[in-house]
Structure formats: C-alpha cells, structure tokens
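*Asks:* Sequence:
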Amino acid sequence: MNILYLHGLESKLSSQKRSVLERFGTVTAPDLDYYADPEIFLLLQSFTNSQSFDVVIGSSMGGFMGYYFSNTYQIPALLFNPALPYRSVKQNIPTLDCSHSSSLLHFALGGQDDIIKANDNLKWIAENRLGRTDIKISIHNQMGHQILLEVFEKEATEFFRQSTFESK
Numbered sequence: 001m002n003i004l005y006l007h008g009l010e011s012k013l014s015s016q017k018r019s020v021l022e023r024f025g026t027v028t029a030p031d032l033d034y035y036a037d038p039e040i041f042l043l044l045q046s047f048t049n050s051q052s053f054d055v056v057i058g059s060s061m062g063g064f065m066g067y068y069f070s071n072t073y074q075i076p077a078l079l080f081n082p083a084l085p086y087r088s089v090k091q092n093i094p095t096l097d098c099s100h101s102s103s104l105l106h107f108a109l110g111g112q113d114d115i116i117k118a119n120d121n122l123k124w125i126a127e128n129r130l131g132r133t134d135i136k137i138s139i140h141n142q143m144g145h146q147i148l149l150e151v152f153e154k155e156a157t158e159f160f161r162q163s164t165f166e167s168k
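Going by this note's numbering, the residue at position 26 of the sequence shown is 26; the numbering climbs one at a time, nothing skipped.
Each statement offered as a hint is correct.
In silico DSS-like links for lysine-lysine, alpha-carbon gap of 30 Å or less:
1. K90 x K117
2. K117 x K136
3. K12 x K154
4. K90 x K12
5. K123 x K154
6. K90 x K136
7. K123 x K136
8. K136 x K154
9. K136 x K12
10. K12 x K123
11. K117 x K12
12. K154 x K117
13. K90 x K123
Pair by pair, the computed Cβ-Cβ distance ranges are:
14. L148 x N49: 31 to 37 Å
15. F47 x I139: 30 to 36 Å
16. R23 x N92: 31 to 37 Å
17. Q146 x L122: 18 to 24 Å
18. Q142 x L42: 33 to 39 Å
19. Q74 x Q142: 31 to 37 Å
Treat the hints as calculated values from the structure; they're not laboratory data.
Each residue gets a CB set at the ideal place from its N, CA and C atoms; glycine is no exception.
Please model the complete structure; the sequences and the hints are all you need to start from.
*Replies:* Structure below.
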C-alpha cells in the first residue's frame with residue numbers, strides 16, 4: 001500500500017509517526033513549503049505521474065491539501081485538525097466535482113485546538129459534505145492542535161481497519 005503523508009504548515013512527519021504508518025505500507029512524505037509555493041496541489045499531482053497512492057494522511061495544512069487530493073483522486077483520507085475553515089497562507093486548489101469524491105474521509109479533531117477550532121471544522125464539514133463520501137469524525141477532547149503519538153497511532157489503526165486495508 002502506498003501512503004501519501006502531508007505535513008502541516010510548520011511541521012514535518014516525526015520518525016515515531018512514520019514508524020506507525022510504515023506498519024501499513026510504504027510512506028511518501030514530501031517536504032512542502034506552503035509559504036513559498038501557492039501551487040502545492042500541482043506539485044502533489046506531479047507525484048502521481050510516477051506513483052499512485054492508496055490513501056492520503058494529512059495534518060493541519062496538510063489535512064487541507066489531503067482533503068482536496070483525496071477527493072480529486074478518489075482515495076480515502078485520514079485528516080488531523082485539517083485547515084479547512086481557514087488558512088494563513090494562500091494555496092490554489094481545484095474545484096471539486098461532486099460526482100468524483102473520496103469513498104472515506106476520517107477526521108480526527110482536537111477539542112482543545114486553539115488554531116483550528118473543532119467546531120469550525122465541524123461546521124465546514126457539514127456545509128461542504130460530498131454526498132457519496134462516508135465520513136467518520138473523532139473528537140479528542142483533551143487534544144490541542146499538536147497530534148499526540150498515541151492519538152495518531154489509534155486513529156491510523158482505526159482508519160486502516162475501517163478502510164479494510166491489509167497491513168504490509
């Protein structure tokens with residue numbers, strides 16, 4: 001299984017979280033500069049010329065990108081505190097075709113997130129729901145914007161289980 005991991009605005013995939021994901025497949029985690037390049041989505045599309053991805057996982061700004069990548073390529077996504085309702089940097093994204101959407105969007109939100117508030121994400125998700133997509137939402141009441149390793153592992157394990165993917 002090929003996993004695309006998209007980091008947040010000022011973060012990278014930690015070695016511990018990479019190890020969690022490697023239990024499920026091969027991880028590609030590009031180093032993205034959202035500030036310098038407003039065309040990150042085009043860059044991600046170029047990756048698909050040489051490799052296909054079975055799932056996308058993203059955090060914060062990477063969750064925003066993952067949402068659009070998932071729906072464009074119709075692959076499941078696990079999105080941690082995605083920057084869907086608001087962002088601090090401009091990114092050009094595609095217009096989504098509602099007849100072509102992801103089969104599964106799994107959101108993990110921090111109830112104490114003061115950067116991207118869970119309630120704002122919930123409202124955005126409800127207002128922009130694509131009809132053919134199954135949605136799972138987990139709210140971790142004690143979690144802020146930073147994704148704790150134990151939450152990451154729990155959500156990733158559940159995501160791959162519910163998506164009926166086999167571990168490699």
